[in-house]
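Peer 1: One-letter residues, chain by chain:
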Amino acid sequence: MSEHRAVVVDGVSKVFNRGTPRQVEALVDIDLTVGGGEFVSLIGPSGCGKSTLLRLVANLIEPSTGEVLVAGKDAPRARLDQEYGMAFQQAGLFDWRSVARNVELPLELKGWDGSRRRRRALEMLQLVKLTDFADHKPWQLSGGMQQRVAIARALAAHPRLLLMDEPFGALDEMTREHMQAELLRICAETETSVVFVTHSIPEAVYLSDRVVVMSPRPGRITEIIDVDLGPSRTVETREDASYFKKITEVREALRAGEDDRETEAVVAEERSSR
Amino acid sequence: MIRRVALFLGSLLVVAAIWELYKLIGPEAGGTVFGARLLPRAQDSAMPHVWDMLSRFGDPERRGSDRANWRVVLAAAWFSFRLALAGFAIGTLLGMGLAMVMARFKVVERGLLPYLVMSQTVPLIALAPLVATWGGKVQVGEWVWPRWMSAAVLGAFLAFFPVAVGALRGFASAPSASVELMRSYAATWRATFLKLSFPASVPYLVPALKLAATSSVIGVVVAEISTALRGGIGRLIVEYAQQSTGDPTKLFTAIFGAAALGLLMAGLVSCFEYVMMRNRPRPEEDERALDTIRREALA
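Heads up: the protein sequence lines correspond to chains A and B, in order. Mind the numbering: the first sequence is residues 1 to 274 in our numbering, read in order. Mind the numbering: the second sequence is residues 275 to 573 in our numbering, read in order.
One or more of the hints may lead you astray.
[Claimed, not checked] 30 angstroms max Cα-Cα, derived DSBU-like pairs, lysine-lysine:
#	chain 1	residue 1	chain 2	residue 2
1	B	K484	A	K73
2	B	K469	A	K110
3	A	K110	A	K129
4	A	K137	B	K469
5	B	K484	B	K380
6	B	K469	B	K380
7	B	K469	B	K484
8	B	K380	A	K137
9	A	K110	B	K484
10	B	K469	A	K129
11	A	K137	A	K110
[What the hints assert, rightly or not] To give an idea of the interface, some chain A residues facing chain B are shown, with a C-beta separation under 10 angstroms as derived from the structure:
#	residue
12	K110
13	A134
14	K137
15	Q140
Don't read these hints as lab results, they were simulated from the structure. Every residue gets a Cβ at the ideal spot worked out from N, C-alpha and C, and that includes glycine.
Using the sequences and the hints given, assemble the complete structure.
Peer 2: Here's what the structure looks like:
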């Protein structure tokens, strides 16, 4: 892990619809640092604000309070400078573009010329092992292949940081495990840092250096768990005792977050009944 | 493609057969169903034989004239076609422009859209003389508003609406994840429009353009009639209708001409559709294509 810090989230809160009856405290007092080359997963039940946190880092929304730095810059600046690549649950490829042209999209927007774009796109497709499908249309590919194209697109401009929002959520279990292994390989090859949103405990543990456990209403970080399964994870890792131990640890942390909330609710209820 | 043409010709034959069948069994002087006069008269003056109508194309237009009827109808259809095409082009540009402004500024959409909807409730026959009068006063330097321009404008008046509404829906049809993706690339509105919103709108645009093409024909034909513009198929229909007691088949040649005109316009849009949609997924082919590729990938 280098000293370079990919992401710094400092005292960030996010309130939606402030001052209206529909006001929602999505995130409260979030502090999180992602080191260079580090793989960090955000996990928690739905509504815990993990996607919101990712969007804040991507500067797709603005924090209500606090500060977000990406690659040492303000989040808006970092977005304008294309410091990160992004992938969503839906591959979100453009039907009217070939696979290669989809990967070229971010490069086009950066103003790269055609041949340079094409070369980089093919390089990226090689990385995700889809070179043979460069001239296919996205809708001719299976879901897993489409997701690999989306990852190639996210990596095309060689960002140092990859932001992923449940990218494998729509895939079947076998494809999913395969994609996880591919992602780890690619990140190791390209030394990319990753912030990865998921609600699958095994996925978070298998992929991450650290797992950030969050709880809802209001969304906050309850625990950060170091995983440390070693740099080269294989199929055997998934059957290893240390792997299961970490899974249990994350699960208990998630449950603890739930219990806290219930206790709070009980206390609040007692208070109001007095 | 060949199958579609054959299907079309086949359907024409079926319609002709039904027509002739009705002439065979229908009441000569029309009939009543439960007291209401519903059944059309089957006599030759109201429903001429198909072959009589077709052979009328070959006869001289008027007694003593050396121009065959089909030449007159064709010339009129061509005249109206150019007007409809101009109307279609103006309407499409206007509709796309309005949709773009509405997509860019939500305020404009909220303010403008009700008026656009309202505009379509104004009867064309009421509007036609007005446009012709206004147009007559337009003069920019050497350029004088030609009379046919009024008809083209009225064609555009009907054509722009489906384009505006279709394009607006189409621009908004890009999935929000794709919009966010473009935002994450810090793409400008222009780049987002050109690379995402516009291509995403094509499946919505195609049916809208089809509607606009046929609407522009209707607009032009009605405008020709209500502004007494000579030379087009609309005028011809009025003229032939007046002669239909003595020469009933003649009216039908003009009606066929108008129908052919509509088909030609729709055909033009189909060409556009073919070009624009050839790279898009077709639902029924999706699964088959997927299967093939999955097999390839596994092999």
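Peer 1: For each hint, tell me whether it holds in the structure or not.
Peer 2: Hint check results:
Of the supplied pair hints, the one linking B/K484 and A/K73 is violated, its CA atoms being roughly 50 angstroms apart against a limit of 30 angstroms. Annotation: proposed proximity of B/K469 to A/K110 holds, straight-line Cα distance about 13 angstroms (limit 30 angstroms). Between A/K110 and A/K129, the direct Cα distance comes to roughly 25 angstroms. Compliance with the 30 angstroms bound is thereby established for this hinted pair. This hinted pair checks out: A/K137 and B/K469 have alpha carbons roughly 16 angstroms apart, not beyond 30 angstroms.
Between B/K484 and B/K380 the alpha-carbon distance is near 27 angstroms, which keeps this suggested pair within the 30 angstroms criterion. Note on B/K469 and B/K380: the hinted pairing holds, with a Cα-Cα distance of about 20 angstroms set against a maximum of 30 angstroms. Distance restraint check for B/K469 and B/K484: the Cα-Cα separation of roughly 24 angstroms lies within the 30 angstroms cut-off, and the hinted pair is therefore satisfied. Proximity of B/K380 to A/K137 is assessed by CA-CA distance (about 33 angstroms); at most 30 angstroms being required, the pair is judged violated.
Taking the CA atoms of A/K110 and B/K484, the gap is about 37 angstroms. The hint is violated against a cut of 30 angstroms. With a CA separation close to 26 angstroms, the supplied pair B/K469 and A/K129 stays within the 30 angstroms bound. Of the supplied pair hints, the one linking A/K137 and A/K110 holds, its CA atoms being roughly 23 angstroms apart against a limit of 30 angstroms. Taken as an interface hint, A/K110 checks out: its beta carbon lies about 8 angstroms from the nearest beta carbon of chain B, inside 10 angstroms.
The restraint placing A/A134 at the interface with chain B is violated, with a minimum CB-CB distance near 13 angstroms, outside the 10 angstroms limit. At about 6 angstroms, the closest approach between the beta carbon of A/K137 and any beta carbon in chain B falls short of 10 angstroms, and the interface hint on this residue holds. Hint status for A/Q140: holds, given a least beta-carbon distance of 5 angstroms to chain B, under 10 angstroms.
In the structure shown, a violation is registered for the earlier hints numbered 1, 8, 9, 13, in ascending order.
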